[in-house]
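Peer 1: Protein chains in written order, with the working numbering: chain A, 827 to 1175; chain B, 827 to 1175; chain C, 827 to 1175; chain D, 827 to 1175.
For the record, the hints were derived by calculation from the structure and aren't laboratory data.
Incorrect hints may have been included.
Remember, identical chains collapse to one label, so a pair may be satisfied in a single copy or spanning two.
As the list claims (entries may be wrong) - With a cut-off of at most 30 Å between alpha-carbon atoms, the simulated BS3-like pairs for lysine-lysine come out as follows:
(1) Lys1132 <-> Lys851
(2) Lys875 <-> Lys1084
(3) Lys954 <-> Lys831
(4) Lys1015 <-> Lys941
(5) Lys1139 <-> Lys990
(6) Lys954 <-> Lys874
(7) Lys1159 <-> Lys1084
(8) Lys1139 <-> Lys935
Since this is a predicted model, take the numbers as computed values, not measurements.
There are 4 protein chains.
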Amino acid sequence: MSSLKSFASDNYAGVLPEVMDALQKANRAHARSYGADDITSRTTRLFKKVFGADVDVYFVFNGTGANVLSISSATQSYNAVLCADISHIYNDESSAPETFTGCRFFPLKTNSNGKLDLPVIQERLIRKGDIHYPQTKLLSLTQSTEYGTVYTKEEISELSQLAKTHGMYLHIDGSRFFNAAASLNCNLKEISTDTGIDILSLGGTKCGMMYGEAVVVFNKTLAEHIAYKQKQVIQLASKNRFIAAQFEAMLTDELWRKAAIHANKMAQLLYVTISKYLEITITKPVQANAVFAQIPREWAASLAEKFPFYIWKDTTNEARLMCAFDTTEEDIKSFDAILSALSTKKTPH
Amino acid sequence: MSSLKSFASDNYAGVLPEVMDALQKANRAHARSYGADDITSRTTRLFKKVFGADVDVYFVFNGTGANVLSISSATQSYNAVLCADISHIYNDESSAPETFTGCRFFPLKTNSNGKLDLPVIQERLIRKGDIHYPQTKLLSLTQSTEYGTVYTKEEISELSQLAKTHGMYLHIDGSRFFNAAASLNCNLKEISTDTGIDILSLGGTKCGMMYGEAVVVFNKTLAEHIAYKQKQVIQLASKNRFIAAQFEAMLTDELWRKAAIHANKMAQLLYVTISKYLEITITKPVQANAVFAQIPREWAASLAEKFPFYIWKDTTNEARLMCAFDTTEEDIKSFDAILSALSTKKTPH
Amino acid sequence: MSSLKSFASDNYAGVLPEVMDALQKANRAHARSYGADDITSRTTRLFKKVFGADVDVYFVFNGTGANVLSISSATQSYNAVLCADISHIYNDESSAPETFTGCRFFPLKTNSNGKLDLPVIQERLIRKGDIHYPQTKLLSLTQSTEYGTVYTKEEISELSQLAKTHGMYLHIDGSRFFNAAASLNCNLKEISTDTGIDILSLGGTKCGMMYGEAVVVFNKTLAEHIAYKQKQVIQLASKNRFIAAQFEAMLTDELWRKAAIHANKMAQLLYVTISKYLEITITKPVQANAVFAQIPREWAASLAEKFPFYIWKDTTNEARLMCAFDTTEEDIKSFDAILSALSTKKTPH
Amino acid sequence: MSSLKSFASDNYAGVLPEVMDALQKANRAHARSYGADDITSRTTRLFKKVFGADVDVYFVFNGTGANVLSISSATQSYNAVLCADISHIYNDESSAPETFTGCRFFPLKTNSNGKLDLPVIQERLIRKGDIHYPQTKLLSLTQSTEYGTVYTKEEISELSQLAKTHGMYLHIDGSRFFNAAASLNCNLKEISTDTGIDILSLGGTKCGMMYGEAVVVFNKTLAEHIAYKQKQVIQLASKNRFIAAQFEAMLTDELWRKAAIHANKMAQLLYVTISKYLEITITKPVQANAVFAQIPREWAASLAEKFPFYIWKDTTNEARLMCAFDTTEEDIKSFDAILSALSTKKTPH
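Chain A extracted, bound-state conformation (with noise of 0.2 Å):
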């Protein structure tokens, strides 16, 4: 499998080399553990430079224990939880949320761009002060969308003005916010701080980081007891270091824009270049790193031998491609080779 090139997931990249730099750079010395060194006092100031002053940071293992960690920090075991029916905190997590929280998962019906409304977010905020409900506490969006779609400020700001209203916490799952960020060409403190979210998954490993997540606390109520929580949701490493310092990388002259715009450009791309094909068929606008589309049932072994992918939706043979930061131009034209073996017909250009 060495020479596996894949669409299947942007975890299957392994580690960008700056990345790989920082960690053998970290590798000095003695440091204390759990966050008393120094390179994590230095990370967690740029990330105050970059989000603003008043954020907490707290470095994780991976996407669902930053996912558990924010949403614990948010909610009492009574309370329930909103998020998207295709969200990943509701379809790939196991019941990890439901355990460690103890809450009730609401899934919302998301729009045809994988996107929360706020009709659909309306109906469910019922029943407040009934102590037989689970007590809605939390709304948890995907930035970028499980379909590579991307909120902009607008759309989040009023998300998070309807959560205010109803008290509840807004909560963005941000395993691919570096590649939303690229896509809204602005810069990670315009779509988190500013839009009045309250925490956020950040996520780095599938930007290009060996393992690592931060969650980044904007409301100080959520602050409170969330370093004992990260401790007790199995989520402080030891050698926190090593995690501090890869995201030191992914900040520095913003590492992670290049990354992540070279992701979704490669994800425009091969956009463009299966459009042509008309057995083909893109059902989701390309605006992050990840491509939807219908493919022909019969191709599907054919491909997936050079180029695993996942079949998203069975029923209709949707597909979903994802791109990473090492994704080429050479892997889109092997790619569209194969298609071009398999096709009869295709566009005139």
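Dock chains B, C and D against chain A, hints included.
Peer 2: Showing chains B, C and D alone in chain A's frame:
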């Protein structure tokens, strides 16, 4: 703090060069996520070679994760776990064990060497079948112990026999299992598989890995649900290959033994070095990589400035001095120099 | 409020005289606690006579307790439960189900009669063996349903077959199971044991008991740990005999049937009575002791003053009118009189 | 077993006639469910009259429910609870406390009278603010204690002061609180509100109720979420009025005091009666309704046949003899007669 050298924790040490190399080499091309990659397969085979063909192995993020996963694979939520009152799971993992497993944790008094003797265990084997009482199902040992002592093969076998007789599973928290095996001059199998234990948290981080521990399952019953629980307990890395690669490096040509022998040897040297000061009393047998000693209270500040360490017991000013794979003879000499300046009573040599 | 009569809930009704007598009689001399008494033994034997010799029975405090105990006896914490989106466990038991079991609860859309059809269940039977996805292990039905409709024997058998085929257990939330059996004119065994269900929450309170429900276990696998879990989930009464005594009264000479038939009959009378008002639309088939009807919004205040009831759906002003064992023809006549004063359009008789 | 008389548990006794009457009277007409009824309102006012206008009261099903609700209202899941090693929550409630609250429970050694002294508590007040260690937040006492002894007002005040000083809440498990107040010849307020405790599990069942306990909240902070948690922890009765009615009977004209004084008096008589046998050693001061005594092992069978009781400690053959509101002088005479036949050494009178 760049020149910090410390006896505070083996967690303060960095990463073995061979492990850093393995991480570099693992960073090639794409690889399947969540453990479906070649490196994980290879490393799993290596574990079977080392521990026996029947074991299963799961790679997790950290020690608390390994312990919680092990315990949850062996228990129902109405069960109780017996552990040493000085154990890490009872003192240093917040309430993660209870929160995830629901179990009661009964602390048992250890003997003066930090080990569990049979009688204190037998005393707690009461009220079997009584629904009002949490039903004891797991005995957890620490190897090497929190006091830096080591259970012998015979001792483990005896405890394993006791556990079986009473329908309990035997878990070993082996965050310093490598140091124990080095101390006993045996291989890993002799003090795990061959002694009849059921499940092992095998520590990598404290012996020179960047992050990552392994749960080794000897009893097939405990393996039934463990893959599901690993995900649920937030201990499944997407880029799992980078944990596996570190363990591959550790097990290859017994790199772990070189690192552990060195740390243990440094502990012996430290022990001999500080023993000559009449103001200092060694309080525990030095068998692995820890030295426990009563050090005059008035020396603490001067020492901690250059060589941080933990005071284990305030009342007696008992200090814990940990050696790591990167502790040097020079470190100990420097420490000796400070002591020498403080001491007025040295044994004649 | 001493003269309050209500269609709000069968919980508003008091206790059947025969049940009060049984409580009085149970109050003799001393008796062993926690179910080791004669009345509990006798009542358990009675359950075996009614449901079959192989069942086990556990007496609990309330309906949420019965449901949570049933579900926890059938699941691991990484499992998922399928239930109707209108079900009590999904809407009226806070997050008790998640907090205690750790499971994900997937809400399924019911048909217009409040029942679960096979296709909506089958759609959720996905990703079996995928560790990232909560593994579906239990299907929970409500009998009679929240809409006062009743699953037939054939329907339950079919769902039971589906569950078995897919490695799921079948649970029935039978808080109004007696009303269902009365409606189907069958005995309790025919719609439980004989249909292959695994576990039943058998409600007593809504049919005229003071407190207490029973968990009836048909599948021996689910009985393995249930006694321990009953205690753990806080559902074991010290003076258990007083719950058992009530059930003994209910099962003796099928007292439950008399009470349930009466409540169901009153629902039919209420249905016929209010149907004659053209402003009112009956929205669900009346099969047990509930009548669902759209009632003009402007009538609500006048009606609720004398006869409290719940508005089930605000948007359509759909009301739920519950009858109980103590609802009388006079109550319905009084209700009719108020309606008559409010209505301007009555069907000619 | 109809003629069984027992010193096994006050749970073996039945229901006080006044309580049975109250249940009968509560069975009138319809009443709102879940505590929105007149009897609950009236009884709540009665509690405020007895304990002070500022208290809140919640009616629950049983003692474990009262304790778990109390603890969960005062803790976060990363907290620890200090309790006596002989306490009911540590020995007789399965792992319900951990499962519902997530907390660690630290057992403290009691003095020879079964009470907690200040020093053993102070020893555990360590590592405050250390995220690795479960953070102690609640101290739980039992009144009267498991040994049938009683904390004085002064002792409670002192412990309450200690708790406040260290940022802890003070909970009393008062399953036999009525017996304690009777023993101290004080009213309920003097040993609760006036001593500065935060929350109380007030037991009804063991003093002659059929079922039901009350959680009395003195500290408004703990009342913030408690109504939601009561539902979540499965402790909210639909026909709540039948628990309230029993407490109304108990508090009216201090019925509880009559019942408790009688039980305590019978314990004194039993104590005096058995003290005259030289083979028997009284092991604890008799202050409430329990007598602890070492009874010759060879007498056990003969005694237990007619008068079941629990052997508290096997090794010393220490028996616990409980008296209840319905224990009679005749019962004790009969017991005496059996002892007399067994004994060869009686003190001269």
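Peer 1: None of the hints should be skipped; say for each whether it holds.
Peer 2: Checked hints:
In the homo-oligomer, the alpha carbons of Lys1132 and Lys851 lie at most 30 Å apart only across protomers (23 Å), although the nearest pairing inside one protomer, at 36 Å, exceeds that limit. Within a single copy, Lys875 and Lys1084 get their C-alpha atoms as close as 19 Å, which meets the 30 Å cut-off; across copies the closest is 43 Å, which misses it. Taking the shortest alpha-carbon separations for Lys954 and Lys831, only the inter-copy value of 27 Å comes in at or below 30 Å, while the best intra-copy value is 50 Å. Within a single copy, Lys1015 and Lys941 get their C-alpha atoms as close as 21 Å, which meets the 30 Å cut-off; across copies the closest is 48 Å, which misses it.
For the identical chains of this complex, Lys1139 and Lys990 are inter-copy neighbours only, at 26 Å across copies versus 35 Å inside a copy, given an alpha-carbon limit of 30 Å. Taking the shortest Cα distances, Lys954 and Lys874 sit within 30 Å of each other only across copies (28 Å), while inside one copy they are farther apart (36 Å). Proximity of Lys1159 to Lys1084 under the C-alpha cut-off of 30 Å is restricted to the intra-copy arrangement: shortest distance 22 Å within a copy versus 48 Å between copies. In this homomeric assembly, Lys1139 and Lys935 come within 30 Å of each other (Cα to Cα) both inside a single copy, at 16 Å, and across copies, at 20 Å.
Checked against the numbered hints given earlier, the structure satisfies every one of them.
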